[in-house]
Structure formats: C-alpha cells, structure tokens
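Undergrad: This is what each chain is made of:
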Amino acid sequence: MIDGTDKTKNKDKENFYEYTKKESYQQEKVENENMEIEKELYTEHNKEYDIEHDIVVIGAGPAGMAAAISAFDNNVKDVVIIEREEKPGGILKQCIHNGFGLHKLGRELTGPEYAAYYEKMVNERNIKIYCGTMVIDITKNKIITVQNKDGIFKIKAKALILAMGCRERSRGALNIPGTRPSGIFSAGTAQKLINCKGYSVGKKVVILGSGDIGLIMARRLSLEGAKVEAVCEIMPYSVGLKRNITQCLKDFNIPLYLSTTVAEIHGSGRLEGVTIAKVDENRNIIEETKKYIPCDTLLLSVGLIPENELTKNAGISIDNFTNGAIVDENRQTEQSGIFACGNVLQVHDLVDYVSDEAEIAGKGAADYVLNKLNGQIIIKTVPGNGVRYVLPQRINLIYEYNKNREDYKREISLFFRVTKPFGKIKYTVKLGDKVLNTAIRLKASPGEMEKITIKANDLEKISNKDEKITVNLEELS
Amino acid sequence: MERELTCIICPRGCNLNVEVNYNDGSNKNKYNNGYSKNYTIIVKGNNCPKGEQYAIDECINPKRTVTSSMRVSNRKDTMVSVKTEKNIDKDKMFKTMEYVRNTRVCAPVKIGEVIIKNIFGTNIIATENID
Ligand SMILES: Cc1cc2nc3c(=O)[nH]c(=O)nc-3n(C[C@H](O)[C@H](O)[C@H](O)COP(=O)(O)OP(=O)(O)OC[C@H]3O[C@@H](n4cnc5c(N)ncnc54)[C@H](O)[C@@H]3O)c2cc1C
Ligand code: SF4
Numbered sequence: 069m070i071d072g073t074d075k076t077k078n079k080d081k082e083n084f085y086e087y088t089k090k091e092s093y094q095q096e097k098v099e100n101e102n103m104e105i106e107k108e109l110y111t112e113h114n115k116e117y118d119i120e121h122d123i124v125v126i127g128a129g130p131a132g133m134a135a136a137i138s139a140f141d142n143n144v145k146d147v148v149i150i151e152r153e154e155k156p157g158g159i160l161k162q163c164i165h166n167g168f169g170l171h172k173l174g175r176e177l178t179g180p181e182y183a184a185y186y187e188k189m190v191n192e193r194n195i196k197i198y199c200g201t202m203v204i205d206i207t208k209n210k211i212i213t214v215q216n217k218d219g220i221f222k223i224k225a226k227a228l229i230l231a232m233g234c235r236e237r238s239r240g241a242l243n244i245p246g247t248r249p250s251g252i253f254s255a256g257t258a259q260k261l262i263n264c265k266g267y268s269v270g271k272k273v274v275i276l277g278s279g280d281i282g283l284i285m286a287r288r289l290s291l292e293g294a295k296v297e298a299v300c301e302i303m304p305y306s307v308g309l310k311r312n313i314t315q316c317l318k319d320f321n322i323p324l325y326l327s328t329t330v331a332e333i334h335g336s337g338r339l340e341g342v343t344i345a346k347v348d349e350n351r352n353i354i355e356e357t358k359k360y361i362p363c364d365t366l367l368l369s370v371g372l373i374p375e376n377e378l379t380k381n382a383g384i385s386i387d388n389f390t391n392g393a394i395v396d397e398n399r400q401t402e403q404s405g406i407f408a409c410g411n412v413l414q415v416h417d418l419v420d421y422v423s424d425e426a427e428i429a430g431k432g433a434a435d436y437v438l439n440k441l442n443g444q445i446i447i448k449t450v451p452g453n454g455v456r457y458v459l460p461q462r463i464n465l466i467y468e469y470n471k472n473r474e475d476y477k478r479e480i481s482l483f484f485r486v487t488k489p490f491g492k493i494k495y496t497v498k499l500g501d502k503v504l505n506t507a508i509r510l511k512a513s514p515g516e517m518e519k520i521t522i523k524a525n526d527l528e529k530i531s532n533k534d535e536k537i538t539v540n541l542e543e544l545s
Numbered sequence: 023m024e025r026e027l028t029c030i031i032c033p034r035g036c037n038l039n040v041e042v043n044y045n046d047g048s049n050k051n052k053y054n055n056g057y058s059k060n061y062t063i064i065v066k067g068n069n070c071p072k073g074e075q076y077a078i079d080e081c082i083n084p085k086r087t088v089t090s091s092m093r094v095s096n097r098k099d100t101m102v103s104v105k106t107e108k109n110i111d112k113d114k115m116f117k118t119m120e121y122v123r124n125t126r127v128c129a130p131v132k133i134g135e136v137i138i139k140n141i142f143g144t145n146i147i148a149t150e151n152i153d
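Residue numbers (the numbering used here), protein chains in the order written: chain A, 69 to 545; chain B, 23 to 153.
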C-alpha cells in the first residue's frame, strides 16, 4: 500500500468512521488492529480512490522534480511524485556526459549530477517520491491508478502534473529492408547498457541519425575502443548541437554523411554490415550511391516521441507537431487541473529549459489548487511562415485586469522551432495585424528551441476574440 | 595561419575564426607548447570571453573533460558514473579511459568523491551517489 501522509491517512480514517456510524457498523471491529485492512477493503469496493493528495506529479525526471519543487515553493505543501523506476532522475541517469545546467545553474554538470542537484532539493522539502510505482491510468477527474509490488491503488489529486518524458522511435517505425540480425539497438538503449550496466555493444559501429543522442554515443563508443565507421543523417543538415559535432565526431575523425540513410541490413544471427546510400530531396534512395559498410552494430538515433498514452486516456488533445498535449501559458492542458511539462510536452534538447518549463507547470498547478488561476478569454497561438510549432498553443487572459495588477504586467514566453536551418532572420509576433514583439537572430536551426516574449497587457486590447497570435519568420540577407 | 573552430563551451556553439601569427614571420603548423610567447592569436566570432580562451587553448593545448562509468565491485550489475575533475589534455583521453576501465570501486560512493588520484594533473571523481 502506498503510504499517504499522516494528514490524508487521518482524513480517510474519519471518512471511515462516518460510514460505520451511518451503517451501524460494528464499532469494536474498527478499533482493533485490523483497522487498516478493513479500511482498504472498504475503500477498494466503495470509494473511487484510496488516497488523496493536493498535487500528484507523474515521473521523477528533471521535469517532475522541478515541477514538484516549484509547486511546493508556491505554497502547496502536499505534493508527491510517482516514479516507475527504482531511482529518480529519469533519462539523466544514463546521460553521464557533461553539458547540463550551463544556463540554469551557471556551471557544467553531468546528467547524474544535475539529477542529484534536484533530488537534493526535493528531499530538503520532504516531498515524497514513490519509486518502483507505475501509473497505469489517469482520468479527467484526476484519479490516478498506480501499480507497485504491493498491488493496485487509486489516488485522487486536486491537480496533476504529467512529466513522463519520451521514448525512442524504434526500427519498426523505420522499415529498413533486409534481415533482422542481432546487434541493432536504439541509441538510448545502447547508452543505458553501456553506461549503467557496463556492457559492451559492439566493435564496428554505424549510427543512423545525427541528433544529439547519436553524436554522444559516437564519442562514447569511440572512447570505449569501438570503431565508429559512419554517422548517417537522412536530412541535408544535422539537428545535433554544433558543439557535439565538434567534440563527438571531429575529435575522433568520425565521418558524418548528410542526405544519407541505411538502405539495407545484412547478416543472419549477428549483424554483418549495412548498405548506406544517398537520398534525393524526396528521401528516395539513389541506387548508384549504394555502398556496403561491414559492421557488427547499428545504432538508431531517429527521434523521440513524447510518452502520451496516459494523456490520451484522460481525453486530452494532442498537438500534431509537438506530439504533446495542447497547453496554455501555465502549461495547463485542456482538462482543467491537469498540467504537463518536460519531454512529455515537447522534446527538449536542453535540460535547463525542461527545468524552466517544469517550474511554470508547478506554479500553475499550485495556483490552480489555491484557486488563483482564473483566465477567461482564450487566444490561440499559431506557427506562421518558417515556424513548425509554437508552445503554449493557447493563452488564457484575465478579463478584469485591474483586479490583479501583478498578473497584468506579466510576460509570457513563446517557445518555437523553425522548419529548417536559416541564416540571418527576423521573428515577428503579431496579434492579428498588431506587432507585439520582434527579434533578430544571426542563425536558427530546427535542433535549437527559440524563445520570444510578449506582454500580457498588450493582449488586453484584443478587439476580436477570434484573433490569433502568430509567430512569423522572415529571412534577412 | 587561420583556423575555423566551433566553440564547445556552451550550447550556442559560436563559429570562431582564429588567426595565429608567429612573430618570426613563419607560418608554422605546429604550435610550441604554449609557454613561449613568440606568437599572437586573434579570435573572432566569439560571443563571450570564454570563447576566446577556448580558441587559444584549442590552438596551443586542446583539453577535454572525460566522462565514463566504472564498475562497482560489491553491487550486482552496478556502475558509477565518473568524470575528470578538471579538463585533461585531449591526447590523454584514451589513456584516461584505460585507467577508468581497469579500476573498480566499492560502494558506498558519494558524488564528488575522488576515485583515482592525480592522473594527468587532475583526479577522477564520482558524479553519482551509490548507497
Ligand atoms: C540521450 C540524451 C542526451 C541528452 N543530452 C543532453 C545534454 O547534453 N544537455 C542537455 O541539457 N540536455 C540533454 N538531453 C535532454 C534532457 O536530458 C531531457 O530533455 C530531459 O532529461 C527530459 O526530462 P523529463 O523529466 O521530461 O523526462 P525523463 O528524464 O525521461 O523523465 C521521465 C520520468 O517519468 C517516468 N515515467 C514515465 N512514465 C511513467 C509512468 N507511467 N509511471 C511512473 N513513472 C513514469 C520515467 O521512468 C522517467 O523517470 C539529452 C536527452 C537524451 C535522451
Ligand atoms: S563563445 Fe561564448 S557564447 Fe559562444 S559558444 Fe563559446 S561560450 Fe558559448
């Protein structure tokens, strides 16, 4: 049984007493040692849930931990985190390389160090993390079904924060022709096997996909003594950070082939080699460019998908571009009281921004519990020319501004990604025809999240409720 | 001599243009090990002072942080993540890895604990707690 805090336990106990009185239950039975068991039997059969908490966070990765801390610091003290793995930290546990926390903490940490920093803050606040406990269902009424070694339980939350992270796309989603030998791993799985289990995955390696995980793994495998023969990228550019191309590929003389994919897989039993080939603009393989590379290992680093099965169960709409929930500026989904942050909302490349986003969601959830969220008008944000998506997808405006001056002056950050690499560009944010803000950048890449802020009081003058906020990109020469 | 580098100090990844001039007018390809001051280095394209320092180091004596993980001998299937406390010379990366590979630690281990002392001018420290 999940242990509630003492407070909630007593609450349940009181409910139970009420019930027994009403039904003229045998009072002595209640007071004997078996009371807890009785309570469980009773709750399981007659009530919608076993335990209550103000805020429940799903996932103890960097997003979940930062959200819980922020909710706590914004005056809701009854916060718990549910985590399916045995330790908190999420994906950071396997990201043993450095490059975390430069923006947020001003120093460069490894993944486990960044996670430990947040875990410490969680512990200092006595926020309980239930590890080894998996959430198997959530409802729009914020009732969460969890399962652990003791069984299945239901928890009722006043507000719920989704921070389940993302998972990797698999080869199935890719359909590479050829045999199905062993030696093919997703990059994240290989990362976990090598870094956390100490396994060696192979000696001669080809990596498909030049996102950061693929690049980091190229370096890791090289340092472990493997030979990385090639990194292939189907796009004409890499979405990985430039620093990673330098320190992970150039440092080890690993070739990066752009507009190139793995066309065929060879080998029975163990992988023996792959055929790589160039692709045209429509991503069709150019036959004449086919080339065979002998290798015993193929790593697939072909993208991440937010883990949103639970979100969909609760009837929350998903954005087709982010593959995460549609949220407002407090990171509240369309179901009131359910919030989302981190990789489950949009795939982030920098953990620092995950923590920032989680702080917004944590504060939002706390404000919701304290009845401080009272938006009335919803304005949609839409991606314009050259922009793939904008998050938040909607903004809640408070109708009577003078009631809450602090809110009136607030700034709202819009996060977005561009559709392809650009040189010098100008971003313009507009409400209908009115320009809200502009920004100039020397370059932009789809691999790097962009941010631009607008002022809430600028939105007050909205004349037509159907007006939308657009983020546009204009190329400058 | 000019070199194009990408700064790896922060995710911004500025393109750096580095011009190395030797005072004797020669265009040597090989840099003397940083201690004699018979050259000047001009860095362009950096968005902050760290970029300049990086470019100079990269031309004279490139350094990197090495991160890895090490087997914990008294815990089943357990590794502890580690890193070099300070950056080490780039050409010592593989040697460092070898030391790491051949070392076992005993739990408990605390974050920041020194695991290998004095290796190429720095220490290998744990980056994870193992109870
Ligand atoms: C390989 C890799 C390398 C990266 N490198 C860098 C880098 O160098 N620098 C940088 O700044 N960022 C980097 N990032 C990005 C950054 O680390 C991630 O964006 C960030 O960790 C995401 O945090 P999260 O909390 O949203 O998700 P996660 O860390 O994935 O956490 C989600 C947690 O939710 C739990 N969970 C999921 N479903 C359930 C359920 N049903 N019930 C209970 N628990 C559940 C999971 O077990 C997990 O612990 C990297 C990411 C990856 C994958
Ligand atoms: S020069 Fe400064 S801003 Fe640019 S990448 Fe280096 S550290 Fe970052």
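Keep in mind the hints are simulated off the structure, nothing from the lab. Note that this is a predicted model, so its numbers are computed, not measured. Idealized CB from N, CA, C, for every residue including glycine. Heads up, a few of these hints could be off.
To be verified - Partial selection, computed: residues in chain B whose CB lies under 8 angstroms from chain A:
hint, residue
1, Lys98
2, Thr149
3, Asn151
Undergrad: Name the hints, by number, that the structure is in violation of.
TA: 1
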